[in-house]
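A.B. asks: As a plain string of letters, each chain reads:
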Amino acid sequence: MATSTKRDNGVAEVHDAQQGREPPAIRLAGLWREFGERIALQDVSLELAHGDSLVVIGPNGSGKTTLLRVLATLLRPSGGDVAVLGARLPREAWRARGRIGYVGHEPLLYRDLTVSENLRFHATLYGIQAPERRIDELLERVGMSRRAGELTRNLSAGMAQRAAVCRAVLHEPELLLLDEPSAHLDPEASELIAPLIAAGAGRTCVTVTHDFRAGLAAGGRALALGHGGWAVYSGPAEGLSASDAEAIYRGALR
Amino acid sequence: MRALGAILVKDLRVELRTLESVPGMVLFAVTTFVIFRFGLDRTSLDGSLAAGVLLATVLFAAILAVNRIFVAERDQGGLDAIRLAPVDANALLAAKVAALVVYLVILEAIAVPIFAVFFLDEWSALAPLALVLLLADLGLAATGALVSSLATGSRARDLLVPLVLLPLIVAAAAAAEPLLAAGAPEYDEVATWLAVLGLYDVVFLLVGYGVFDFVLED
Chain Z
1 MATSTKRDNG
11 VAEVHDAQQG
21 REPPAIRLAG
31 LWREFGERIA
41 LQDVSLELAH
51 GDSLVVIGPN
61 GSGKTTLLRV
71 LATLLRPSGG
81 DVAVLGARLP
91 REAWRARGRI
101 GYVGHEPLLY
111 RDLTVSENLR
121 FHATLYGIQA
131 PERRIDELLE
141 RVGMSRRAGE
151 LTRNLSAGMA
161 QRAAVCRAVL
171 HEPELLLLDE
181 PSAHLDPEAS
191 ELIAPLIAAG
201 AGRTCVTVTH
211 DFRAGLAAGG
221 RALALGHGGW
231 AVYSGPAEGL
241 SASDAEAIYR
251 GALR
Chain Y
1 MRALGAILVK
11 DLRVELRTLE
21 SVPGMVLFAV
31 TTFVIFRFGL
41 DRTSLDGSLA
51 AGVLLATVLF
61 AAILAVNRIF
71 VAERDQGGLD
81 AIRLAPVDAN
91 ALLAAKVAAL
101 VVYLVILEAI
111 AVPIFAVFFL
121 DEWSALAPLA
131 LVLLLADLGL
141 AATGALVSSL
151 ATGSRARDLL
161 VPLVLLPLIV
171 AAAAAAEPLL
181 AAGAPEYDEV
191 ATWLAVLGLY
201 DVVFLLVGYG
211 VFDFVLED
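Protein chains in written order, with my numbering: chain Z, 1 to 254; chain Y, 1 to 218.
Please note that a few of the clues may not be correct.
[Stated by the list, open to error] Partial selection, computed: residues in chain Z whose CB lies under 10 Å from chain Y:
{"hint": "1", "residue": "Arg76"}
{"hint": "2", "residue": "Ala93"}
{"hint": "3", "residue": "Arg97"}
{"hint": "4", "residue": "Arg99"}
{"hint": "5", "residue": "Pro107"}
{"hint": "6", "residue": "Leu109"}
{"hint": "7", "residue": "Tyr110"}
{"hint": "8", "residue": "Arg111"}
{"hint": "9", "residue": "Asp112"}
{"hint": "10", "residue": "Arg120"}
{"hint": "11", "residue": "Leu125"}
{"hint": "12", "residue": "Tyr126"}
Hints in this document: simulated from the structure, not taken from any laboratory. By construction, the Cβ of each residue, glycine as well, lies at the ideal position given by its N, Cα and C atoms.
Next comes chain Y alone, as it looks inside the complex:
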């Protein structure tokens, strides 16, 4: 926990100082909403279409942060420094997952109200979405941090991350879409889809925990 906290605080401090990831994600999301607004030529969305627009936008915006999350560790010797220290390597992965969740929550705190302004007639449906988005964020962060750690040593990192991450995240997106589309607790399959989303998170957190040591090895 000591190392996890130190790495997370370090990452957040560097992000606050450099503004390398979150502002870019927010700008990307807003631009995408504008494109959807004029591309679909609709002032109002609901159901699956609204859920799809929101999910796709968050997912593609997240790739910007996923691409960068291990760059400082690789380029500035953080991986070596952490491997020299008497800490569990998984603390690094856990800190990166936590940092990505923080970035995604900040992104959504700004982007979802903007999405509502662009496309929703009714704002009351937004509140129940928070849990769904949080579960989706955790899954996206767990998968993204693992993929980023695998791709970060590659010259084709910017290409590899979306090519590997997007197929892996399909299951989480498929589980989140009906929950976001329903937007209300009476939907009879809510529990099932929440369980699927939760299971996805647990599986990818465990996969990361199981393989990260090998990823770090030379």
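Chain Z with its partners taken away, still in its complex shape:
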């Protein structure tokens, strides 16, 4: 079931340039990642065009978060070729940084700063001029205007997740990497953040989720990782049935 397009990225980029095509937002060819003796990702290959969305599913420990951290330039690949937004990793990670928005398991917010102080801090790191309007607008959209002056340590997990989404999209990134973005969120909050983290209009989205039914129903592309970090499926989301996805979670499909 797995599809694999293993090519050397350098060759692929030259080919793209010759064809006058923009390189894909993400190109993985035989990606490996190891932590000492443990292999987290094995031979993962895929291409994702600009503006597309990718949903990543798989059981616990299948390497979903590792994949996202590699794409975010936070982890070096152990092997294979990885290109993100045209930058080959890890050598050209500096070219991709600042163009990626990342929502991980932690909100990446300082607990002893207020929500607005945290967002102003990140705005400064990203060189956003006069960020107040953008910060106010984002907080309004996630329903946190009245919590802007509150210390992040006093927020509930759901409120911290809303603030984390604001942080991730503050600089209007070209690539959004989302690790269970709806974690801790109630249905209303999930609806509020949905437009902020949607793919399209040149923004590419990679979303890790355990809600595979909703993820696959949203369309776009899908990557299913199995136990041991193998890519069990890589292709259009509609090509992976819910029953196959369940089987991947049970480890019945490898």
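Use these hints to put chain Y onto chain Z, whose structure you have.
C.D. replies: Only chain Y this time, still in chain Z's reference frame:
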């Protein structure tokens, strides 16, 4: 510079709000002076002994701040956030060095007069010490920030920092001691020891600049 300023302001704001490092350093220094006061059973110190008591106290008090300087970055995702941003990673190290220098200057602004009350008969010797202490602070901050960044991911961080930092700081302490002991510009080796102290600062700032990118890598 933009990132350096933002990280430094953030660190100072958090310290003002939480008072996690500087008050502890000051209390530690004052307690140590009291212990020396009764341990040595002396009401007056001068020369090498005075310099040694002051240096040792500042150095051990500094370890409290060095231990904590990267904790928020590691525990609250600051390292990831800064690595995702389009900024030079060395801005983080430079901001941490600057924050440690600020903490040490505040510590000394309070602790040195208390030291003088406890041990010195003559206060006029204090003024020339400011430059020596500032140079020593810079070296201590440069080495401390680097050691802290290396140790912060370890469960044995509280043990690692003093075990690694203290041997590294011996050279700076050795250069600062005769300057503090002399306490007056006529000391004929002042220029030499100042140069040694300055060189120590430059070397450890450059080492930090050279290796910090690798420290941040997974």
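A.B. asks: Take the hints in turn and mark each one as holding or not.
C.D. replies: A quick look at each hint next to the structure:
1. Arg76: 6 Å, holds
2. Ala93: Result: holds, 9 Å to nearest chain Y Cβ.
3. Arg97: 5 Å, holds
4. Arg99: 8 Å, holds
5. Pro107: 7 Å, holds
6. Leu109: Because about 7 Å separates Leu109 (chain Z) from the closest Cβ in chain Y, which is inside the 10 Å limit, the hint holds.
7. Tyr110: 5 Å, holds
8. Arg111: 6 Å, holds
9. Asp112: 5 Å, holds
10. Arg120: 9 Å, holds
11. Leu125: 4 Å, holds
12. Tyr126: 6 Å, holds
Every hint from the earlier list agrees with this structure, and none is contradicted.
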